[in-house]
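Asker: Here is what each chain is made of, one letter per residue.
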Amino acid sequence: MTALETRGLTVRFGRGHSALVAVDGADLTVPEQSIVGLVGESGSGKSTLAKAIVGLVPIAGGEMLLDGVAARRRRTGHVGGLKRRVQMVFQDPFSSLNPRMTVGAAIGEAAGTGRRASRAVRASEVEELLELVHLDPAVMRELPSRLSGGQRQRVALARALAVRPEVLIADEITSALDVSVQSAILNLLRDLRDRLGISILFVSHNLATVRYVSDQLAVMYLGRLVEAGPTQAVVAEPQHPYTRSLLAAVPRLGVSIRDVATGTLDAVEPPDPRHPPSGCHLHPRCPVGPMVDATRQICIESDPREGADARLHRAACHFAPTAPSSDGTARYELTEKEAR
Amino acid sequence: MTGRRFLRWPDLFRSPVGVVAALMVGSVLVLALIGPPIWGHAAAKIDISAVSQGSTAAHPLGTDVLGRDILHRTLVAARLSVFLAVLASLLGAGVGIPIGVLPSLVGRRLGRLITSAINLAVAFPTLLLAIFVASIVGLGARGAVIGIAAAVAPYFARLSQTLGASVAGADYIAAARVLGIGRWRLMGRHMLPNVAEPLLLTLMLTMGDALLALAGLSLLGVGVQPPSYDWGGMLTEGIQRIYVTPIVVVGPAVAIIFAALGFNLLGESLARRAARREGALPRHLPATPVVLPVEHHERVDEPGDDGHGTVLDVRGLTVAFPGGSVPVRDVSIRVEPGEIVGIVGESGSGKSLTAMAIAELLPARAQATSERRLLFGQDLASLGNTGRRRLLGRSLAIVYQDPMASLNPALRIDRQLGEVAEVHEGLSRREARKRSVERLRSVRIGSPERRARNYPHELSGGMRQRVMIAMGLMGTPQLIIADEPTTALDVTVQQQILKLLDDIGTSTGAAAILISHDIAVVSQLCQRVLVMYAGRVVEELDIPTLVRQPAHPYTAALLASVPTMESDRERPLVSIPGRAVGPFDQSPGCPFAPRCPAASARCRDELPELTPLESGHRVACWHPNSVVPHDGSAWRDESMREDALA
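Protein chains in written order, with this note's numbering: chain Y, 865 to 1204; chain F, 38 to 683.
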């Protein structure tokens, strides 16, 4: 089953010549009870995609489906009508909690939206939610300023979970935290998936973190999804040259920078997202594209997303191998099981 | 439940002006409360025998045309005057604030419409608007109050619109929207409490102004009508006799000035208090500064103890701030020629301040002390100010985390780079420009001649960081301090910058200090690492030892808590329970003891020294090697529940 799906979802900021297509026709699938990691560098559109899914940013095209049913679109283009089904946790726990509301009031408000409940019922609900995120229920009476970054992020999680959503969007939720606290939040996410059966879209720039936490992995470059598949498979056998470059750039403990092969993307500066390159967005930087092999003009001329479904990991690369239709599908499912 | 903390009254009473203002407003309020019941009768008593008198023994402030005592009438009029002023201000705020917050809540087009309406209303002169509205509504108290309310409402609307817009961008508003919280609740619970402080202060000031405006309206005859009377109305009566018995205007005039001044002073002193509290020091400071035990211990494993031949040799560096904050404690760091030393630690560990202390770039309030500070064998303490600046300026280069913040946005790249060489080496402008292009090429910026003419904002983040590094290379640095140089960059760019730093080290022979929270990044570039925790170096070791067998439980936990591309996905990550002690901590033991699974009574009572474990490996721990680094089962059980509040 699929909890959340986007089809050709597009987000555009501005108009005319200076328009920025932040998300360009994203087909993203979040299966039920799984964590999907969405990675990409700054400006890749990953956070914008997350915001569009929860209705904070208007959609210019495409649609979003929840349990196979298309979500309502408001007149303004914002996704609407799914407040209780999709929730979001933000990057900075210092700005995502109202400084004038106690922890109990913030969570209680979320738990209470759209229904009436007595004070005692609400208090016990808040307590349960705090237990769920491994916080002492005593923090209920505290203002956020008294809590550490890690504790605040747990409160933000509890608040999002208070409406019992089916899908949780986690946008860089560990990047503002200290490393010693980060790991507890990552453990918690996996724990929540297993206990609540919730689906999570985990957006991050940190590939090692995403690899650890997610079952599926999707990679974005300049507004487009370029590769998606089971985490283990994508990490072990990346099909897209951009994914390979990202993987190669992850700093490895104790491996001297001198022993690391020169990154494949370093020759050319990243392009202007307002005027992305034609065809495959990566072609001016691509280590297997026309810059290396002049015969590969197809990269400049045509969008590699056509026919991506036939390739392994839906790679948006003209030169990624095509998945053999007979045993290829079987292999895909096997790796998916392995990933869980 | 909300907003208990905006105005701290006890704070107010610390300033003499605040005390006076509070007393003035308090007395006016008390008068308004007790005036009518006590003097009401006396004030209403008509005495035909004492009509229109000046100051007499019976009537010190004179009498009015019906022989009523003006002193008593002034005291009684306090209630109506203050009541009307407060009512008008509250009404104005009550109408203005919701209108002002509306643009942040409704759609963009409607919001723009409301904003223009507010701008238009603000453009009207206040008193004119008040008179206009008051005349339409009708003469009398009601008209005056509504008139003044209408006149002040646009100001409240404008203020709350500006404040609301600043809050509307906060993540907690976005979070509330995603939760589906209704518009009105969003305004009442999430926006207003966070903008309440300035609004309340403005309200206080408005009350003073409204008092004056009401008097003005009464003076013009559009205010309170007889037989009711307020201070303004009494003033109107008195004005007609001012040349005959001037004393009769003194009562109401003094009352108006006194009350208005009181409200305004109170508002001002509250505002000043609020402004002072922003970014203030923590409230509960220890009465005496922290005195750290300074032990002059023998350090045995250090060759060439005179510090000559080293690039940098700092011993016992401590950085303190007034108020008892000691974020860097007894740090020693030594850098050999050509060596790259890493400092790794979490936020608040003191790693950046250590570097800033070395470069003499600490904020003015900070006090740095050290037993020894040698740069290239020269004692910085014995050099004069000029000599020190010259030494640091020429031989030290610093690369910051955020290149955009440290480059001047108004200067072209070649000017910024050239300046360094002009100031420190006396090159001409042309020579300086030539060298900057050269240096840009050496940090591998494509077409450096063209890029040199760019402004910082025209470059990408990675390129800006290269420019920063090129700027550091303009002199002939022998020590480069890179403070989180890749934290703001993407991983692919990070890799390039690390390679560049490595190349520079190899080609120029410069030594470097790399500061980072990312232990993997440090391990890729450095030969040796200092691990800092709560202002102290807890372990110093080389990279192979770091990877294989760190001895301090904190280092081990740090390594085991960061997911890597090799982490076992089936097992939970290690996490460290609790939180780090702050810079005010004065406990005698190991700073990590409260979070350490291996902590004993000794750890809590006695500070472990940084002592050699083996050659090149020093650790400050009473029980080194007690936690198996990559198993960490001791951690996991406790880590499931974060400790209660620190």
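Calculated directly from the structure, the hints in this document are not laboratory data.
Think of the CB as a built atom: it goes at the ideal place given N, C-alpha and C, for glycine as much as any other residue.
Among the hints, erroneous ones may be present.
[To be verified] These stretches of chain Y come out as covered by chain F in the derived footprint (C-beta under 8 Å, 3 or more residues):
id : segment
1  : 958-971
2  : 1012-1024
3  : 1057-1067
4  : 1107-1117
5  : 1171-1185
Asker: Each of the hints needs a verdict: does it hold here or not?
Answerer: Cross-check of the supplied hints:
1. For a cut-off of 8 Å, the count of residues in the segment 958-971 of chain Y with a CB near a CB of chain F stands at 9, and the three-residue condition holds.
2. Note: the segment 1012-1024 of chain Y has 7 residues with beta-carbon separation from chain F under 8 Å; the three-residue rule is met and the coverage holds.
3. Check result for the segment 1057-1067 of chain Y against chain F: violated, 0 residues qualifying (beta carbon to beta carbon below 8 Å, three or more required).
4. Check result for the segment 1107-1117 of chain Y against chain F: holds, 9 residues qualifying (beta carbon to beta carbon below 8 Å, three or more required).
5. Counting residues of the segment 1171-1185 of chain Y whose C-beta sits closer than 8 Å to any C-beta of chain F gives 0, which falls short of three, so the coverage hint is violated.
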